[in-house]
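Trainee: Let's have the full structure, built from the sequences with the hints guiding it.
Now for the letters of each chain:
Number of protein chains: 2
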Amino acid sequence: MNVLYVYAHQEPKSFNSSMKDTALEAFEERGDSVKVSDLYAMNFDPVLDENDFKNRKYTDIFNPFLEQLHANKTDGFAPDIKAEMDKINWADMLIFQFPIYFTGFPAIMKGWIDRVFSPGFAFNPLTQSAYETGLLKGKKSMLVTTAGADKDWYSKGGMHGDIHELLKSITHCTLEFTGLEVLPTHVVYGASNLSEDDAKKELERYRELILSL
Amino acid sequence: MNVLYVYAHQEPKSFNSSMKDTALEAFEERGDSVKVSDLYAMNFDPVLDENDFKNRKYTDIFNPFLEQLHANKTDGFAPDIKAEMDKINWADMLIFQFPIYFTGFPAIMKGWIDRVFSPGFAFNPLTQSAYETGLLKGKKSMLVTTAGADKDWYSKGGMHGDIHELLKSITHCTLEFTGLEVLPTHVVYGASNLSEDDAKKELERYRELILSL
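As given, the protein sequences belong to chains A and B, one line each in that order. Here UniProt numbering is used: the first residue of the first sequence is 1, the next is one more, and so on. Here UniProt numbering is used: the first residue of the second sequence is 1, the next is one more, and so on.
Among the clues, some could well be false.
Heads up, the list lumps identical chains together, so a pair's fine if it works in one copy or across two of them.
Derived pair list, reagent style BS3-like, types lysine-lysine, alpha-carbon separation capped at 30 Å [to be verified]:
(1) Lys140 to Lys156
(2) Lys156 to Lys168
(3) Lys35 to Lys200
(4) Lys13 to Lys54
(5) Lys168 to Lys139
(6) Lys57 to Lys151
(7) Lys137 to Lys82
(8) Lys137 to Lys151
(9) Lys137 to Lys168
(10) Lys73 to Lys13
(11) Lys82 to Lys57
(12) Lys73 to Lys140
(13) Lys82 to Lys54
(14) Lys151 to Lys73
(15) Lys82 to Lys168
(16) Lys168 to Lys151
(17) Lys201 to Lys35
(18) Lys13 to Lys200
(19) Lys140 to Lys87
(20) Lys73 to Lys137
(21) Lys201 to Lys57
Because the hints were derived from the structure by calculation, they are not lab data.
Mentor: Dropping the structure here:
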């Protein structure tokens, strides 16, 4: 299958980077094709603004929603957005790997969603295209995340609460919203304090997950 | 009281802008002092990276968490972050006003959190400073948001689900996490299709809320 691997970590020597490399090797072993959007390395701009559009429908007032709809009809997106859309169209599966920041995406990845998952491309309220009829239906997706805190913080009754409930804003209201099938989220807890041995075990656990997809 | 008003909308002629202006007038009527962080107008950079730091603790590997802790000990943040921290220190209340993007913050506001609410400033895992002992304890906060979709989408059993549950990643795991008291979230539903009359009513409803704080 074709995999788009959207990745957000600043440091090539990080544990997150090792996880990404582990996944890429496992996908190669499977014979899958992978394109990587390495957001920090690409210097991806996460801010949805007027620069997203090559031509504007309304120049007197900026309405992001209406401009996104218009750009989808007129091939009017800036090249950096168009490039990500092309990768999504090519992909059978989207993987989002990120260290969790305040129980959600780092801003650079949130902005990738804000700018790329636009109305007319990923969903469309005007044609009732969302969830069961979302425009990305037929593709799969998965979140892969590292949390600095331990699992008890992220469990029901813990300080933060159940991580899977907290991520519903992404898994349900973002990914399923566009019609994507969502595989169970893969979480590495206590990632800021992993021993070398535990890090190895986590990489192996992730490798096996990718091989089992 | 002193209010920091963190605001994220691109367009000065938008309904969101009218809401902000309504709030600022109401705060003036109350005799409160307000500082506004108008994130798009400031061209605020939401990406947490090496440029956040004037000096680095570790130059061989970039670990955002350790660098943020170090910067808080050494006055080592870039000026744009320092300026926001100064406003928070001055404020008794923080208000975040934004159009909801995929049931969460727009990236520009998420990045404000990622970069400004750093360990050592807003919380500190090393000293067990979070929630009841969060470093911003004593201050209040409130989310103010507009949703394009109608209320039934954002209710229990609706397509997205209960908006207050979806926002817990912000209200609980971000704001309460730092010790902030969180007032009930103010939501304007169906904001993309408000009639002129309904828009007026919503502005009046918001004005009354600010006056009642």
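Trainee: Now, for every hint given, state plainly whether the structure supports it.
Mentor: Now for the hints, and whether the structure bears them out:
no., hint, verdict
1, Lys140 to Lys156, "both (27 Å within a copy, 26 Å between copies)"
2, Lys156 to Lys168, "both (14 Å within a copy, 13 Å between copies)"
3, Lys35 to Lys200, "within (25 Å within a copy, 48 Å between copies)"
4, Lys13 to Lys54, "between (37 Å within a copy, 21 Å between copies)"
5, Lys168 to Lys139, "both (18 Å within a copy, 28 Å between copies)"
6, Lys57 to Lys151, "between (48 Å within a copy, 28 Å between copies)"
7, Lys137 to Lys82, "within (19 Å within a copy, 44 Å between copies)"
8, Lys137 to Lys151, "between (32 Å within a copy, 25 Å between copies)"
9, Lys137 to Lys168, "both (18 Å within a copy, 28 Å between copies)"
10, Lys73 to Lys13, "between (42 Å within a copy, 25 Å between copies)"
11, Lys82 to Lys57, "within (18 Å within a copy, 38 Å between copies)"
12, Lys73 to Lys140, "within (25 Å within a copy, 44 Å between copies)"
13, Lys82 to Lys54, "within (11 Å within a copy, 35 Å between copies)"
14, Lys151 to Lys73, "between (45 Å within a copy, 29 Å between copies)"
15, Lys82 to Lys168, "within (27 Å within a copy, 33 Å between copies)"
16, Lys168 to Lys151, "both (17 Å within a copy, 18 Å between copies)"
17, Lys201 to Lys35, "within (26 Å within a copy, 49 Å between copies)"
18, Lys13 to Lys200, "within (15 Å within a copy, 54 Å between copies)"
19, Lys140 to Lys87, "within (14 Å within a copy, 43 Å between copies)"
20, Lys73 to Lys137, "within (19 Å within a copy, 49 Å between copies)"
21, Lys201 to Lys57, "between (53 Å within a copy, 29 Å between copies)"
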